[in-house]
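The whole structure should be built from the sequences, with the hints applied where relevant.
Take the position in the sequence shown, starting the count at 1, then add 25; the result is the number in our numbering.
FYI, nobody ran anything at the bench for these hints, they're computed from the structure.
So the derived label-pair ranges between C-beta atoms look like this:
1) Q62 with Q102: 31 to 37 Å
2) G80 with M157: 27 to 33 Å
3) Q144 with S99: 16 to 22 Å
In silico lysine-lysine, PhoX-like type, Cα no more than 20 Å apart, as pairs:
4) K92 with K68
5) K92 with K152
6) K162 with K94
7) K162 with K92
8) K152 with K162
9) K152 with K68
10) K68 with K162
11) K162 with K53
12) K68 with K94
C-beta atoms are modelled at their ideal positions from N, C-alpha and C, and glycine is treated no differently.
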Amino acid sequence: MKPFSKSLLGLLLCCIAISATAQNNPVKPAQFAGLPQTIQVNKAILAEALNNQSGRLVQIDFGNGLKFKGTVTSNVQRYANLQIIIIQSIDNPNQVLQISMITHPDHTIRYSGRIINPQASDGYELKSNAGMYELVKFETDRVLQDCHF
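Here it is, written out as structure tokens:
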């Protein structure tokens, strides 16, 4: 019985060692390290961004040093009340800006969106705060799940 338990223990240790080395968590760079945690955004900037057509080169200045320069890859009106624009960064092709405009039945408008790069550790999410909009920094690993097998 002892040789069997020693073999089983050896096999268990090998499995643990292999699984420990298989879990590599590469450190992702922070794209927005020098920028503030929160940036106030004017609604007019969001509305103007949604007026751009696919293929157009745009530069959006959100203020506080955050400028997004890219090409509109998609601008679609999904439903009568939903418009979505996606802009791919020229400076970093993995970085994408997405802005959505939702028009409610009472004709009020709500914006949402993100600046995200799956290869970076941070991004910005567009949030509404007391009728004002702001880009709030977030950690991408809390939003994006790694799907590698």
